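Enquirer: Next come the chains, spelled out residue by residue.
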Amino acid sequence: MILIEGLNDIRDEISNNIDKGQLGTDSTAPTEADTDLNTADANTIQDLTVTTTDKQVKYTYSLPTTAGTTTTYREFKVYDNSASVDYQRIVFTGRSFTTNGTKEIEISGGFFIRQS
Amino acid sequence: MGSIIKDIQEDKVAIKDQIGSQPSTTVDGIWGAIDTIVIDEIPIRIRERTAPITGNAPFIVGHPTYAKVGIIDPQPTVGTGNWNSYTVERVICPKNTYYEYFRDTRFKDTGNTDATWDTTNFKIDFGNSTTAQSLSIFYNSQTVYTAKLTATITGTPSLFLSADGGSNWESVTKDVTHTFSTTGNDLRWKGTGDSGDEIANLKIEFTI
Numbered sequence: 010m011i012l013i014e015g016l017n018d019i020r021d022e023i024s025n026n027i028d029k030g031q032l033g034t035d036s037t038a039p040t041e042a043d044t045d046l047n048t049a050d051a052n053t054i055q056d057l058t059v060t061t062t063d064k065q066v067k068y069t070y071s072l073p074t075t076a077g078t079t080t081t082y083r084e085f086k087v088y089d090n091s092a093s094v095d096y097q098r099i100v101f102t103g104r105s106f107t108t109n110g111t112k113e114i115e116i117s118g119g120f121f122i123r124q125s
Numbered sequence: 503m504g505s506i507i508k509d510i511q512e513d514k515v516a517i518k519d520q521i522g523s524q525p526s527t528t529v530d531g532i533w534g535a536i537d538t539i540v541i542d543e544i545p546i547r548i549r550e551r552t553a554p555i556t557g558n559a560p561f562i563v564g565h566p567t568y569a570k571v572g573i574i575d576p577q578p579t580v581g582t583g584n585w586n587s588y589t590v591e592r593v594i595c596p597k598n599t600y601y602e603y604f605r606d607t608r609f610k611d612t613g614n615t616d617a618t619w620d621t622t623n624f625k626i627d628f629g630n631s632t633t634a635q636s637l638s639i640f641y642n643s644q645t646v647y648t649a650k651l652t653a654t655i656t657g658t659p660s661l662f663l664s665a666d667g668g669s670n671w672e673s674v675t676k677d678v679t680h681t682f683s684t685t686g687n688d689l690r691w692k693g694t695g696d697s698g699d700e701i702a703n704l705k706i707e708f709t710i
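Just so you know, the sequences run in chain order A and B.
The first sequence begins at 10 in the numbering used here and counts up by one.
The second sequence begins at 503 in the numbering used here and counts up by one.
Since the hints were made in silico from the structure, they are not lab data.
Check before you lean on any hint, since a few could be wrong.
Label pairs and their in silico Cβ distance ranges [what the hints assert, rightly or not]:
#, chain 1, residue 1, chain 2, residue 2, range
1, A, A51, B, S660, 45 to 53 Å
2, A, T44, B, G698, 47 to 55 Å
3, B, G629, A, G110, 40 to 48 Å
4, B, F624, A, A92, 26 to 34 Å
5, A, S36, B, D677, 27 to 35 Å
6, A, D56, B, I573, 25 to 33 Å
With the C-beta cut set under 8 Å, the calculated list includes, among others, these residues of chain B facing chain A [what the hints assert, rightly or not]:
#, residue
7, P545
8, H565
9, Y601
Being a predicted model, the structure only gives us computed values, none of them experimental.
We put the CB at the ideal spot given by N, CA and C, even for glycine.
Taking the hints into account, I'd like the entire structure generated from these sequences.
Expert: Printed below as a string of structure tokens:
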């Protein structure tokens with residue numbers, strides 16, 4: 010029996026590692042073999058806000074209107090910057106963004122650790 | 503993230519083979535236990551907010567419009583002004599699977615929920631004639647065609663799904679794949695029940 014204490018220890022390993030988020034423009038569906046965004050925008054790298062609850066890690070990413078590039082974003086990842094390890098990549102129907110425009114983007118997600 | 507196999511424990515069978523004696527075997531115990539740890543990706547929500555051009559606009563540091571004198575009237579000042587409210591623009595469920603473990607109220611539709619969304623005991627706890635309803639659990643450009651709801655259920659709450667943002671609710675049966683009569687791109691769930699009815703460990707697998 011895996012104990013909750015152990016599951017939360019794994020949770021803490023993830024929460025202590027993921028610290029950055031980044032957007033990109035490609036819409037190719039993610040696979041577990043991905044090692045980066047397909048078309049990353051370096052101007053979108055931002056710190057994550059990471060919180061934990063019982064067996065759960067949550068993150069929040071914010072792209073301020075003064076950052077980014079004027080483009081349409083379609084992919085997003087969270088990663089461990091110091092280790093250069095990507096934890097998650099998603100794609101979504103594009104959202105337009107204009108640098109120094111009027112819009113900010115906020116992305117939130119997370120992970121739940123459990124015994125099967 | 504895949505699964506992690508941890509703590510595999512085995513005890514080996516002890517066999518004694520004594521010279522001159524009948525071989526004897528002693529089984530000390532055979533245990534093969536594999537505990538699997540699963541990491542579920544909870545839904546990713548993309549929200550946006552905009553700064554108004556007129557009225558009580560916020561001061562945005564470094565912005566060529568919102569930090570510059572003489573462009574917006576009245577002039578934004580540091581520490582004042584307001585953004586417009588966030589709007590949900592996308593909700594993505596990796597592998598088209600929504601997990602709700604009731605650790606928080608992130609997907610609780612507060613305006614349409616009078617059942618207890620219990621984040622201490624991780625469940626929906628219904629009172630008499632009460633409702634629990636979610637916000638969008640999938641919201642993207644694709645159409646949702648089918649969905650299967652599984653959960654740990656106590657009592658007999660009624661279960662519903664909507665593919666069009668709550669305009670049309672369709673009754674569903676736990677563990678049975680439901681084909682939507684009214685499709686859409688905004689998936690939500692709802693439960694109604696009475697005292698003693700509960701929902702926990704909710705999962706919805708859908709096709710687009």
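Enquirer: State for each hint whether it applies.
Expert: Going down the list of hints, with the structure as the test:
no., hint, in the structure
1, A/A51 with B/S660: 45 to 53 Å, "holds, 50 Å"
2, A/T44 with B/G698: 47 to 55 Å, "holds, 50 Å"
3, B/G629 with A/G110: 40 to 48 Å, "holds, 46 Å"
4, B/F624 with A/A92: 26 to 34 Å, "holds, 32 Å"
5, A/S36 with B/D677: 27 to 35 Å, "holds, 33 Å"
6, A/D56 with B/I573: 25 to 33 Å, "holds, 29 Å"
7, P545, "holds, 7 Å"
8, H565, "holds, 5 Å"
9, Y601, "holds, 6 Å"
Hint check: no violations occur; every hint is consistent with the structure.
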